[in-house]
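Participant: Each chain, letter by letter, is given below.
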Amino acid sequence: MHRLLPILLLLLTAAPAVGATDSADAERGEYLARIGNCAGCHTAPGGEPFAGGLRLDSPYGTFITPNITPDAATGIGDWGADDLWAAMHDGERADGSPLYPACPYPSYTRVERDDIDAIHAYLETVPAVAHETAPHDLDWPYGYRPLVNLWQALYFEPGTPADTADADPVRARGRYLVEGLGHCDGCHRARGTFGATDTEADAPGAMIHGWYAPPLADPAQAGLQDWPVAEAAALLRSGRTEHAATMGPMADVVFDSLQYLSSEDAQAMATYLKSIPARTVASPERLIGLSERGREAAMREGGRIYANACADCHGDEGEGGDGAPSLAGNRAVTMDNPVNVANMIRRGGFPPATAGNPRPYGMPPFHQLSERELAAVISYIRGSWGNDAAPVSATNLRR
Amino acid sequence: MHRLATIVSCLLYLLCLPAEGIAADDGMGDRVAACTACHAEEGIRLEDGYVPRIHGKPAGYLYNQLVNYQTLRRRNATMNHMVSHLSRDYLYEIARHFAERHPPYPAAAERPGRALAERGEQLVREGDPQAEVPACASCHGERLTGVQPNTPGLVGLPRQYIMAQLGAWQVGTRHAAAPDCMAEITARLDGRDVEAVAAWLAARPVPDNTEPADTPIAEPPMDCGSVPAPDDNA
Numbered sequence: 001m002h003r004l005l006p007i008l009l010l011l012l013t014a015a016p017a018v019g020a021t022d023s024a025d026a027e028r029g030e031y032l033a034r035i036g037n038c039a040g041c042h043t044a045p046g047g048e049p050f051a052g053g054l055r056l057d058s059p060y061g062t063f064i065t066p067n068i069t070p071d072a073a074t075g076i077g078d079w080g081a082d083d084l085w086a087a088m089h090d091g092e093r094a095d096g097s098p099l100y101p102a103c104p105y106p107s108y109t110r111v112e113r114d115d116i117d118a119i120h121a122y123l124e125t126v127p128a129v130a131h132e133t134a135p136h137d138l139d140w141p142y143g144y145r146p147l148v149n150l151w152q153a154l155y156f157e158p159g160t161p162a163d164t165a166d167a168d169p170v171r172a173r174g175r176y177l178v179e180g181l182g183h184c185d186g187c188h189r190a191r192g193t194f195g196a197t198d199t200e201a202d203a204p205g206a207m208i209h210g211w212y213a214p215p216l217a218d219p220a221q222a223g224l225q226d227w228p229v230a231e232a233a234a235l236l237r238s239g240r241t242e243h244a245a246t247m248g249p250m251a252d253v254v255f256d257s258l259q260y261l262s263s264e265d266a267q268a269m270a271t272y273l274k275s276i277p278a279r280t281v282a283s284p285e286r287l288i289g290l291s292e293r294g295r296e297a298a299m300r301e302g303g304r305i306y307a308n309a310c311a312d313c314h315g316d317e318g319e320g321g322d323g324a325p326s327l328a329g330n331r332a333v334t335m336d337n338p339v340n341v342a343n344m345i346r347r348g349g350f351p352p353a354t355a356g357n358p359r360p361y362g363m364p365p366f367h368q369l370s371e372r373e374l375a376a377v378i379s380y381i382r383g384s385w386g387n388d389a390a391p392v393s394a395t396n397l398r399r
Numbered sequence: 001m002h003r004l005a006t007i008v009s010c011l012l013y014l015l016c017l018p019a020e021g022i023a024a025d026d027g028m029g030d031r032v033a034a035c036t037a038c039h040a041e042e043g044i045r046l047e048d049g050y051v052p053r054i055h056g057k058p059a060g061y062l063y064n065q066l067v068n069y070q071t072l073r074r075r076n077a078t079m080n081h082m083v084s085h086l087s088r089d090y091l092y093e094i095a096r097h098f099a100e101r102h103p104p105y106p107a108a109a110e111r112p113g114r115a116l117a118e119r120g121e122q123l124v125r126e127g128d129p130q131a132e133v134p135a136c137a138s139c140h141g142e143r144l145t146g147v148q149p150n151t152p153g154l155v156g157l158p159r160q161y162i163m164a165q166l167g168a169w170q171v172g173t174r175h176a177a178a179p180d181c182m183a184e185i186t187a188r189l190d191g192r193d194v195e196a197v198a199a200w201l202a203a204r205p206v207p208d209n210t211e212p213a214d215t216p217i218a219e220p221p222m223d224c225g226s227v228p229a230p231d232d233n234a
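First to last, the protein sequences are chains F and P.
Using full-length UniProt numbering, read the first sequence as starting at 1 and increasing by one per residue.
Using full-length UniProt numbering, read the second sequence as starting at 1 and increasing by one per residue.
Think of the hints as simulated: they come from the structure by calculation, not from any bench.
Among the hints, erroneous ones may be present.
[Claimed, not checked] Facing chain F, from chain P, some residues (calculated, C-beta under 10 Å): (1) Gly27; (2) Arg31; (3) Ala33; (4) Ala37; (5) Asp48; (6) Asn68; (7) Gln70; (8) Leu72; (9) Ala77; (10) Thr78; (11) His81; (12) Val83; (13) Leu86; (14) Asp89; (15) Arg188.
Please read all numbers here as calculations on a predicted model, not as lab measurements.
Glycine included, every Cβ here is placed at the ideal spot set by N, Cα and C.
Pulled out of the complex, with its shape left as it was, chain F reads as follows (with noise of 0.2 Å):
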């Protein structure tokens, strides 16, 4: 009895050390998995958190995300830290079955083994949720999931690449985030046959839910190289700087993701984004040229358009006023693609609620404006106040 005392003291006393190592990795572990958006892809919209559920349009059809709660029958309770390893690293899942590339894995796989077992042990202190997710509705033959093998056999390669080594451990370290969990290449680069990332330094941007997300070589598009680095690690974070704001999807990411970034990670990040090699990089979307007269006629209803509905938010020359970004001097109006502009003026809204920006102004939608009405106020922010861009003509907004 005396003698396993001792030994239950130890177990006990023991016990607490355990578990605080466990929750340690959980909570490296609920961080980690927020840079990686794991819930913004695993929740359904209201749905209980990891539950799975949402809905993913894409060319091959609706991917429906799966339950990542630890319910054994529905979710990945009986998945240990080896499975999620092989999922996140290998693309197989726990029954040998190859993973589509819709869960990011091709970026995931750069990720290391640490940091996937931390995500673990935090899924694993998620609530688990009984919730049978439907089956994906893909189109032919993309449903025919052993196809995703030979996708991987062409497509796909394990592991972090050796260039990574990087002198600089902030850039490394950006660099390991961007390329890794963040995902970013996901969205930011154009996608070949089946899906695969165009890995070619200048690649354009990709379409993404309707939005144009836009390559982050370009310094002319949605690359940070100009920007001091306080000033995009702030961009990512808030969502929001004097100069830009983000919108679509990329608001989504940073109100699920990147505000949680801490600032040395969001600092690190930037001096990665910063030191990718500026390429120029064409658009996919072909402006269509606009005669002299014609570009005379969309300038003047521009004009007319912007001065009743505009300019008490952006200001008389364009230079953004409380809350509403400058539109002088902003690549977002500048750039080739039109689609985003045609979005926001379209659709409104506001920017992400972050701790940068908890209480951000928004626009109202102009969904009333004609093509033709909408393409000329495009043209005239894309004519004004220094701003240089070739005009737009309805037909390139047409969708």
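Based on the hints, put chain P in the right spot on chain F.
Facilitator: Just chain P, lined up with the frame of chain F:
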């Protein structure tokens, strides 16, 4: 079409006039200018409009709706999009901002024909015991101006909006927290009932006191999941 026209006219209205300065609102007026482009203080039309009044409604009710739009419990493409990136704290602040404002009510819609008016008034005042429909006033308040903190008033709403909301509950594009009493009630109404209450309500003259009632309904005829304390402002 009418609905679009209203939106256009309120947009033009708002944007062509300098926004009326509202004292001591910490800049909220400008922050939510995007909202008042549609939910203007004036210009809501009960006869042929659609955009509902949001001013002066109980803050808890407004907050619940903004959360419902964000989580798609309530579906409307514009509203779902407008609130999609806002935090719960900020949504509550926006709800309070509108709850505290009491611009004048719009003119009542035209009175419906006698038969429709009688049926509408009966449902609102007495309900229809046979169909197990409780009187609307038994929850929405004697004056129909709502009850704090989470039950909305039914005065000053456009006819088409009321019809659309009752219909949305019937087809499942609008939900409130369970048990969703309005879903149960609307399932017991037929198309003519919906038309009758909407027409009668939109034609009601606004009572002198438009404040939501402060005291909770002592014995509500049914449980409503949205009625206890506002969804805690987490």
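Participant: Does each hint hold? Answer for all of them.
Facilitator: A quick look at each hint next to the structure:
| no. | hint | in the structure |
| --- | --- | --- |
| 1 | Gly27 | holds (7 Å) |
| 2 | Arg31 | holds (5 Å) |
| 3 | Ala33 | holds (7 Å) |
| 4 | Ala37 | holds (4 Å) |
| 5 | Asp48 | violated (17 Å) |
| 6 | Asn68 | holds (8 Å) |
| 7 | Gln70 | holds (8 Å) |
| 8 | Leu72 | holds (4 Å) |
| 9 | Ala77 | holds (9 Å) |
| 10 | Thr78 | holds (6 Å) |
| 11 | His81 | holds (6 Å) |
| 12 | Val83 | holds (8 Å) |
| 13 | Leu86 | holds (5 Å) |
| 14 | Asp89 | holds (7 Å) |
| 15 | Arg188 | violated (26 Å) |
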